[in-house]
Amino acid sequence: MTHYLLVILVHLSFAPVLNSAGEDTVYFTDSGQAEFTSSVPLHTFTGESSHLTGMFDPEENVIDFFLDLNTLRTGIDRRDRDMFRTLVVDEFPFAEFTGTLASPFDLNSSEEQTVSVTGEFTVHGVTREKTVEGTLQNQGGSLKLRAEWILDITDYDIEPPGLLFYRVRDEIEMLIEAELHPTSRDEL
Amino acid sequence: MKSNSLYYYGLALMIIAAAMLPDAAEAQLQRERVELDEPMEDIFWATTNIGTSTVRNLSAGSLNSSILHTFGLVRGGINKFYGLDDGANTRLGLEYGFTDRFSLGIGRMTFNKVVDIRSKYNILRQTPSDSTPLELAVKLSTGISTFSGMEFSDRLNYFASVMVARKFDALSLQLSPMLSHFNTVGAGEQNQLFGLGLAAAYELNDRFALSAEYLPVLSERNPGTHDAMSVALNIDTGGHVFQVFFTSSQWHNEPYIMARNSHRLWDGDFRFGFNIHRAFGLR
Chain A
1 MTHYLLVILV
11 HLSFAPVLNS
21 AGEDTVYFTD
31 SGQAEFTSSV
41 PLHTFTGESS
51 HLTGMFDPEE
61 NVIDFFLDLN
71 TLRTGIDRRD
81 RDMFRTLVVD
91 EFPFAEFTGT
101 LASPFDLNSS
111 EEQTVSVTGE
121 FTVHGVTREK
131 TVEGTLQNQG
141 GSLKLRAEWI
151 LDITDYDIEP
161 PGLLFYRVRD
171 EIEMLIEAEL
181 HPTSRDEL
Chain B
1001 MKSNSLYYYG
1011 LALMIIAAAM
1021 LPDAAEAQLQ
1031 RERVELDEPM
1041 EDIFWATTNI
1051 GTSTVRNLSA
1061 GSLNSSILHT
1071 FGLVRGGINK
1081 FYGLDDGANT
1091 RLGLEYGFTD
1101 RFSLGIGRMT
1111 FNKVVDIRSK
1121 YNILRQTPSD
1131 STPLELAVKL
1141 STGISTFSGM
1151 EFSDRLNYFA
1161 SVMVARKFDA
1171 LSLQLSPMLS
1181 HFNTVGAGEQ
1191 NQLFGLGLAA
1201 AYELNDRFAL
1211 SAEYLPVLSE
1221 RNPGTHDAMS
1231 VALNIDTGGH
1241 VFQVFFTSSQ
1251 WHNEPYIMAR
1261 NSHRLWDGDF
1271 RFGFNIHRAF
1281 GLR
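Residue numbers (this note's numbering), protein chains in the order written: chain A, 1 to 188; chain B, 1001 to 1283.
Take these hints with a grain of salt, some might be off.
[Claimed, not checked] Between beta-carbon pairs, the in silico distance windows are:
#, chain 1, residue 1, chain 2, residue 2, range
1, A, T86, B, G1061, 21 to 31 Å
2, A, Q137, B, V1115, 49 to 59 Å
3, B, T1146, A, D90, 49 to 59 Å
4, B, L1156, A, S50, 42 to 52 Å
5, B, R1031, A, E111, 30 to 40 Å
6, B, R1031, A, E179, 48 to 58 Å
7, B, R1031, A, K130, 14 to 24 Å
8, B, P1216, A, T154, 23 to 33 Å
9, B, S1129, A, L188, 19 to 29 Å
10, B, L1198, A, S50, 36 to 46 Å
11, A, E111, B, V1115, 51 to 61 Å
[What the hints assert, rightly or not] Counterexamples of contact, computed for chain B against chain A with all Cβ distances above 10 Å:
#, residue
12, L1029
13, S1065
14, I1144
15, D1169
16, A1170
17, P1216
18, L1218
19, V1241
20, G1268
Everything labelled a hint here was simulated from the structure, so no lab data went into it.
We treat Cβ as the ideally placed atom computed from N, Cα and C, and that holds for glycine.
Chain A extracted, bound-state conformation:
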């Protein structure tokens, strides 16, 4: 009798996993916008990329984003090259964040909702715990994401480049925007 109970318990325990295997939908983008604004004395400059890749898995409550840093462009190629050298992109090509939603989010609401995300942010080969606030909004089945935060590059052992006449400030403003589309996890 105990063996029958064991089998039933095993079935019940893993039933959600077994049932959801074929309908595992996540929200995904590979064309999100990432932007940073940095400054030197008397001048600010912006770097942009439209290759932000990421997904939100509401079932597992996982948020995972990464950016190939080589895709960042500031509009001046010599400055881009310095930026890549500073970030050591040959060795550490990605900036990445993996975490979970730390605040409630109603997937069925079309209202813009402020959310908090907690996880690990990695750049320059250094990983730090990070909590970021942003907004998520269901727009016709897709999720629109926007988040801004301040990144202190010295926290990630990045030496602010000092270039003869100026030195880049330690703090840079980060912004990401993306439209995440429902996608089967099997397609990723």
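Please build the complex by placing chain B on the supplied structure of chain A, with the hints as guidance.
Leaving out everything else, chain B in the frame of chain A:
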């Protein structure tokens, strides 16, 4: 026996289910590099190699400021502080990139008080994959001498060149057939001059590069003039590109280099000069 079967059945189910549980690694997306095949931006480090223009153009929304200097001949010796006591010819210039392929610029040179308006358009952009193996740009400019006492049309000169370049790893080469026309010339001088600009740059590392240029006049030349030649050290500080050089010509744009250069580098007639380039992103 029966109880054993049930036990193994239960164990098998647990293993299968556990295998299907997402772990941390599975929850993450696979990190993949983006394959980029964007045009090469650093065939030359500045829009001017030393005295002649390069295929390099400005990114859309970028403003490039440049200050070009040349001094007197080094052979003037200590009495003329190796040429620095002789009058400098200075060109102050601004260029703006309207698109990644098209820019407009204006500059003013001390000698002859020449204001020049220039445009550059890149027809082809070299790509790392060699899907486009060459960079091809066209430059058009008009120079206006602002001396007093001249008719307006007499002040003008025109210039056109086609620049073809390719970067091979650290080495960049450029060939620039060019034609200039002066509305007014002195006795025995040519209204039109045809030349072939040769330019090269070699990157020593991310900060330093050597460059050189040679500009032979292939058509009938002005009396007493010689083909100009220059060699330079390029220094990229991150914000600025400095070019320190020795050159035979004291002039700062191609029409005047072809029409006025009266010295030969290989005869020891060279002068010190330096250029400073600084680009600002305005968008």
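Comparing the hints with the structure gives:
{"no.": "1", "hint": "T86(A) / G1061(B): 21 to 31 Å", "in the structure": "23 Å, holds"}
{"no.": "2", "hint": "Q137(A) / V1115(B): 49 to 59 Å", "in the structure": "54 Å, holds"}
{"no.": "3", "hint": "T1146(B) / D90(A): 49 to 59 Å", "in the structure": "50 Å, holds"}
{"no.": "4", "hint": "L1156(B) / S50(A): 42 to 52 Å", "in the structure": "45 Å, holds"}
{"no.": "5", "hint": "R1031(B) / E111(A): 30 to 40 Å", "in the structure": "33 Å, holds"}
{"no.": "6", "hint": "R1031(B) / E179(A): 48 to 58 Å", "in the structure": "21 Å, violated"}
{"no.": "7", "hint": "R1031(B) / K130(A): 14 to 24 Å", "in the structure": "18 Å, holds"}
{"no.": "8", "hint": "P1216(B) / T154(A): 23 to 33 Å", "in the structure": "54 Å, violated"}
{"no.": "9", "hint": "S1129(B) / L188(A): 19 to 29 Å", "in the structure": "27 Å, holds"}
{"no.": "10", "hint": "L1198(B) / S50(A): 36 to 46 Å", "in the structure": "39 Å, holds"}
{"no.": "11", "hint": "E111(A) / V1115(B): 51 to 61 Å", "in the structure": "59 Å, holds"}
{"no.": "12", "hint": "L1029", "in the structure": "5 Å, violated"}
{"no.": "13", "hint": "S1065", "in the structure": "13 Å, holds"}
{"no.": "14", "hint": "I1144", "in the structure": "30 Å, holds"}
{"no.": "15", "hint": "D1169", "in the structure": "15 Å, holds"}
{"no.": "16", "hint": "A1170", "in the structure": "14 Å, holds"}
{"no.": "17", "hint": "P1216", "in the structure": "31 Å, holds"}
{"no.": "18", "hint": "L1218", "in the structure": "33 Å, holds"}
{"no.": "19", "hint": "V1241", "in the structure": "7 Å, violated"}
{"no.": "20", "hint": "G1268", "in the structure": "33 Å, holds"}
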